[in-house]
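Asks: For the record, the sequence lines run as chains A, B and C. Oh and the first sequence: position 107 is 107 in this note's numbering, straight run, nothing missing. Oh and the second sequence: position 76 is 76 in this note's numbering, straight run, nothing missing. Oh and the third sequence: position 86 is 86 in this note's numbering, straight run, nothing missing.
One thing to keep in mind: the hints can contain errors.
It does not matter which identical chain is meant; a pair holds if it fits inside one copy or across any two.
In silico SDA-like links for lysine to any residue, alpha-carbon gap of 25 Å or less [stated by the list, open to error]:
| id | residue 1 | residue 2 |
| --- | --- | --- |
| 1 | 127 | 101 |
| 2 | 127 | 23 |
| 3 | 55 | 5 |
| 4 | 55 | 102 |
| 5 | 55 | 3 |
| 6 | 42 | 3 |
| 7 | 55 | 89 |
| 8 | 6 | 56 |
To be clear, the hints were calculated from the coordinates, so they are not data collected in a lab.
Here is what each chain is made of, one letter per residue.
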Amino acid sequence: MAIYQKLEELNITLSPPAAPVAAYVMYVQTGNLIFISGHIAKHADGSPNAGQLGKDVTTEQGQQAARAIAIDLVGTLQEACGGDLNRVTRIVKLMSLVNSTPDFTDQHLVTNGASELLGELFGDAGKHARSAFGVAQIPRGACVEIEMIVEVA
Amino acid sequence: MAIYQKLEELNITLSPPAAPVAAYVMYVQTGNLIFISGHIAKHADGSPNAGQLGKDVTTEQGQQAARAIAIDLVGTLQEACGGDLNRVTRIVKLMSLVNSTPDFTDQHLVTNGASELLGELFGDAGKHARSAFGVAQIPRGACVEIEMIVEVA
Amino acid sequence: MAIYQKLEELNITLSPPAAPVAAYVMYVQTGNLIFISGHIAKHADGSPNAGQLGKDVTTEQGQQAARAIAIDLVGTLQEACGGDLNRVTRIVKLMSLVNSTPDFTDQHLVTNGASELLGELFGDAGKHARSAFGVAQIPRGACVEIEMIVEVA
Chain A
1 MAIYQKLEEL
11 NITLSPPAAP
21 VAAYVMYVQT
31 GNLIFISGHI
41 AKHADGSPNA
51 GQLGKDVTTE
61 QGQQAARAIA
71 IDLVGTLQEA
81 CGGDLNRVTR
91 IVKLMSLVNS
101 TPDFTDQHLV
111 TNGASELLGE
121 LFGDAGKHAR
131 SAFGVAQIPR
141 GACVEIEMIV
151 EVA
Chain B
1 MAIYQKLEEL
11 NITLSPPAAP
21 VAAYVMYVQT
31 GNLIFISGHI
41 AKHADGSPNA
51 GQLGKDVTTE
61 QGQQAARAIA
71 IDLVGTLQEA
81 CGGDLNRVTR
91 IVKLMSLVNS
101 TPDFTDQHLV
111 TNGASELLGE
121 LFGDAGKHAR
131 SAFGVAQIPR
141 GACVEIEMIV
151 EVA
Chain C
1 MAIYQKLEEL
11 NITLSPPAAP
21 VAAYVMYVQT
31 GNLIFISGHI
41 AKHADGSPNA
51 GQLGKDVTTE
61 QGQQAARAIA
71 IDLVGTLQEA
81 CGGDLNRVTR
91 IVKLMSLVNS
101 TPDFTDQHLV
111 TNGASELLGE
121 LFGDAGKHAR
131 SAFGVAQIPR
141 GACVEIEMIV
151 EVA
């Protein structure tokens with residue numbers, strides 16, 4: 001998998017995960033599965049990317065937020081893999097929570113921002129199952145939150 | 001497991017999964033676990049079964065929608081099993097999302113429509129853990145969405 | 001792991017899980033993972049601890065509810081472990097659903113009530129991944145619902 005070449009091509013720099021704002025950890029490995037905690041949408045400065053789809057965040061902005069979360073998830077994944085993303089054999093599943101008004105119904109389009117990036121980066125190994133749905137709110141008011149399960153060698 | 005006999009008895013015909021409307025796949029197997037993507041409620045013609053519990057969908061209609069989703073999930077599972085549902089050793093877990101107004105509190109009853117069908121079809125192997133809860137919205141306005149984890153031989 | 005000593009120190013008595021109010025089971029083991037069903041917040045008498053964060057339940061009350069759910073989850077876990085919590089090697093992941101108004105954004109603080117108790121009880125083995133978010137409603141109107149994945153020896 002030419003994952004590091006792809007990251008360079010897309011001009012993406014990975015960051016290690018920020019310490020969680022609460023009493024948990026950012027990932028746990030059990031067997032060859034890594035469960036990664038829900039990552040919320042953030043601005044480049046680390047502050048929450050807050051707002052609600054259907055009110056003050058457009059579908060396109062939501063997609064960008066989901067893409068940025070996917071980059072953060074891959075940064076956490078890299079740490080979980082001891083620094084080597086070539087150990088990833090499959091992105092198994094995403095759960096994508098979209099901060100939604102009761103009439104916003106394009107959670108799948110928002111989530112594509114994350115799914116498409118993972119496909120670009122990991123190719124066939126990036127093809128994942130997923131659930132996407134609209135939630136009433138997200139910690140710190142973030143517009144999107146995504147968690148991920150990954151299989152490693 | 002007399003799964004195919006049960007399907008015939010209940011007059012249920014399985015369909016292969018529809019192609020997802022987005023950048024993901026309908027299931028991923030890792031080890032002997034199959035993670036199946038969230039399936040939304042649909043009408044017989046494939047269009048979304050839209051609406052909200054507590055507003056324009058009754059609990060009984062929600063149960064019927066959940067039962068229909070379970071049939072779709074079993075159709076996807078059959079494909080994931082290479083066409084042979086006898087490989088299923090356990091339905092492990094459901095996550096059931098019910099499109100709910102802020103005062104509808106019978107998500108467990110709605111979800112029973114799916115849980116009971118899985119029990120009928122798979123017997124003891126169909127007894128699963130689950131979470132059910134009310135969400136603000138679901139892609140394409142569907143009234144229910146369910147994802148499933150299954151253990152296979 | 002001095003788990004039983006810790007339980008005594010904290011004056012916590014575990015209870016076996018109540019029978020589910022619906023067509024499912026409280027836990028399923030597959031390989032060395034135990035998937036525990038969503039447990040809703042309850043009062044000491046077993047009735048639902050109902051209410052919504054941002055309306056009629058404070059963050060501190062929500063934390064207490066989350067802590068009480070964690071105790072119930074550990075009671076279920078003990079049964080799933082055949083009575084011996086020393087078989088637990090890692091709390092893998094929590095999913096925490098907080099019954100929230102559209103403007104309540106402290107789901108992470110509420111969920112800490114559960115996360116911190118698990119850390120106290122299980123030490124390093126209690127450090128888990130998690131997702132926490134606000135949902136529109138929860139079965140029986142409960143203010144919080146939490147599900148858990150655990151690795152056992």
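Asks: If a hint holds in the structure, say so; if it doesn't, say that too.
Replies: Results of checking the hints against the structure:
no.	hint	verdict
1	127 x 101	neither (29 Å within a copy, 33 Å between copies)
2	127 x 23	between (31 Å within a copy, 8 Å between copies)
3	55 x 5	neither (38 Å within a copy, 50 Å between copies)
4	55 x 102	both (10 Å within a copy, 12 Å between copies)
5	55 x 3	neither (36 Å within a copy, 47 Å between copies)
6	42 x 3	within (23 Å within a copy, 37 Å between copies)
7	55 x 89	neither (38 Å within a copy, 44 Å between copies)
8	6 x 56	neither (33 Å within a copy, 47 Å between copies)
Of the numbered hints stated above, those contradicted by the structure are hints 1, 3, 5, 7, 8, listed in ascending order.
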